[in-house]
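Chains as they are written, first to last, in this note's numbering: chain A, 245 to 614; chain B, 302 to 646.
Worth flagging that the hints you see were computed from the coordinates, not collected in a lab.
Computed from a predicted structure; not experimentally measured.
For every residue, glycine included, the Cβ atom is placed at its ideal position computed from N, Cα and C.
Here are the in silico distance ranges between beta carbons for each label pair: (1) Lys491/B / Tyr381/A: 33 to 39 Å; (2) Gln384/A / Gly601/B: 40 to 46 Å; (3) Glu427/B / Ser467/A: 54 to 60 Å; (4) Pro406/B / Ser467/A: 40 to 46 Å; (5) Ala631/B / Pro410/A: 30 to 36 Å; (6) Asp507/A / Ala574/B: 43 to 49 Å; (7) Asp639/B / Val506/A: 32 to 38 Å.
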Amino acid sequence: MNSKKKNLVCLLALLLFTTGVHAGARKTVYPVVFAHGLSGFDNLLGYYYFGNDYGTFVGDPCDEFLETACNGSISSSQKALAASVTPFQSSEVRGTQLADRIQNYMTSTGATKVNIIGHSQGGIDARKAAAVLRARYGRQVVHALISVSSPHRGSPTAKYILDLGPGVTSVVNALAKLFGNAIYGSGNDGIAAAKQLVYNDYSSTDGITTGMKAFNTNYNVNSSNAAYWGSIITAQDSINTNPALYLLKEGFYNIDGDGYCVDDCDNDGAAGKGDGTRGNNDDDGLVGINSQQMGDRLQYNECALCFDWITVNTSLGYVSNLNAPTSAQMTSKSSVVSQDHLDVVGVPPDTFDEEEFYASILDFIVSKGG
Amino acid sequence: MFQNKKILYTILTSLIVLFVGILVLRPGKDKNQKDFESLLNEGKVAESIELPNLPEDYADHKLMEYSIEEIARILQEKYGKNIDNPAAQIAMIEELMKDLPKLYPNDWVKVLNQILGYAFPDKALELLRMSESLYNYNRFRESNMSKVGLMSDDARRAMMWKERYRLFGEKADQIWAMEKKMTVIGDTLKRIKESPAGNLDAKLSNYAQTLKEQFGKEYPRLMENKRQQLTEGFMVSVQKDLKVMSYGERKSALREIRQTMGMDQAALNRWDALEEEREKNWQNQQKYSEKRSQLSTKKGGMTAEDEKQLDALRKQLFGEEADIIKNEEASGYYRASDERTYGVN
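Could you put the whole structure together from the sequences, leaning on the hints where they help?
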């Protein structure tokens with residue numbers, strides 16, 4: 245190829261890159277690890293958590309031939325892992341397991357770094373995993389860490405269940421009702437999982453320190469563990485909420501999750517307090533909006549006539565200390581995705597397009613160098 | 302007597318009210334279901350028209366950016382070769398059903414029918430029928446969501462397949478082909494896990510054969526994307542075999558498994574190094590755990606000096622990870638009590 249042609253090709257490539265014209269998401273530099281929340285897997289590869297009913301995992305690329313069980317909105321050479329950890333356990337346990345799985349994947353593939361997208365408790369596990377991997381490799385291993393609907397500052401639901409509030413006969417039964425019977429498998433500890441998701445140490449007499457406050461102190465947003473930190477926040481009114489969560493919201497509990505105070509001043513299990521009005525789109529059925537921001541608040545821009553995309557909501561600023569967000573970061577409803585806690589993963593029923601949602605996160609990760 | 306009759310009448314009236322209430326309030330057909338039904342009863346498809354040229358850069362854009370006629374032309378190009386395959390049919394219908402309701406909330410079923418008629422006039426009715434089935438299947442999932450979560454795997458599978466066959470007939474096997482394949486693989490692993498220790502080579506060969514049989518020409522692509530998970534799945538299933546081996550035997554067995562699963566020399570070497578590191582780590586965990594339990598069971602509990610000693614030992618044995626292990630212990634988690642899964646942790 246002569247130099248004129250070479251220059252033309254380079255110019256065209258640059259134009260395509262800068263104008264952002266591309267078919268769905270670009271390929272990320274580093275593989276993307278999907279970390280699931282409580283419960284999690286329905287089968288070996290976890291297709292149903294981050295996927296659809298036909299066995300498609302959102303991280304599975306389509307090749308050049310027409311494939312039906314793949315995500316057509318991501319690059320055909322995208323690399324991704326659906327990591328599997330114990331369904332019901334504390335994030336100290338699950339985070340170490342996640343680090344092991346990532347280390348295994350890196351060893352098998354030769355990848356030098358990864359990005360992590362964690363849903364719900366998966367976003368909390370990811371913070372621990374990033375710290376473990378940093379310690380094991382002596383360098384930063386996670387590039388971008390994105391949480392979706394994660395209760396970084398606790399969930400009142402967890403405390404309500406542990407307190408055996410009206411309608412709850414046992415912690416394990418309540419979790420099974422919400423997340424299915426995976427809790428009865430070996431290695432699960434529903435009580436440890438629930439204690440993890442309460443902001444304060446749940447019991448001062450059990451000789452251990454649990455809860456999100458202590459966890460956040462140990463595994464806070466930290467640039468040496470991951471280069472980029474961002475979060476997507478979900479909330480929805482009851483009528484559109486998943487039946488299982490609807491039951492939780494209306495049947496025996498409804499979070500008031502959009503008030504501000506330092507720490508858990510009303511002792512409901514999550515930092516902040518309510519604003520006195522329940523049922524005003526301030527939670528996603530399980531987690532209040534005041535618990536979910538970590539790092540940047542990301543805005544999901546849905547588009548019926550074009551590919552969805554993610555932007556940073558710069559007006560709210562960055563949550564660098566998970567135990568001390570500002571009042572606006574805890575109470576603002578801007579950039580909140582109007583979906584319930586389970587809509588954004590493959591749990592039916594919903595009309596949410598998970599494939600495109602996660603493709604847009606992948607493309608955003610590329611824009612952040614991952 | 303009068304009193305008894307009064308009670309009887311009250312009960313009867315309540316039952317009638319309840320029955321009528323159920324009849325009135327039971328979920329009826331929604332507008333979309335009625336639209337599907339009426340279009341299918343009419344049996345009319347959109348008249349065939351001359352479609353515009355295929356937009357050159359359609360792959361770079363979303364389907365809904367185009368006119369209905371252009372969408373039909375793109376669908377011909379994208380799905381035409383495989384349109385007889387039910388999995389391709391459902392993928393196409395899903396693609397349309399994702400966005401059409403957002404753009405045409407009141408009459409998306411009619412628009413869908415129009416597009417199907419323009420794109421595939423000979424198959425339009427069949428495709429519309431399948432769209433109706435898919436819509437009804439999604440409603441079924443929605444109304445059974447809470448119930449299926451509490452079912453056993455087998456009962457859930459049976460219920461879902463019954464409904465799939467009812468709505469899609471034999472096509473269900475092709476639509477959920479991936480799920481069927483993964484179920485076969487899951488069942489194979491389960492059988493291997495339940496079988497007695499021994500014959501690791503035969504187990505590995507049986508597993509590799511199952512993967513090849515299930516995925517056929519897609520096998521290399523599957524392995525490219527899922528090699529680690531599929532290897533790990535096997536490792537978990539043969540723990541009985543790995544646990545009774547000596548370190549040297551186990552090391553070579555793990556290498557053999559990874560090689561059979563298609564890992565190259567560089568990956569095998571990286572794994573050898575990691576396995577050695579993990580072996581050392583587990584031994585250190587054991588040493589540390591013994592020391593900790595010796596100090597913590599002392600009469601009067603641990604002194605500040607003991608704590609210091611333990612901190613120093615943690616640092617010496619676990620280096621950078623020592624502080625993390627200290628955090629874990631404060632929360633009640635002790636790694637040494639974890640179950641070791643050879644080849645995985």
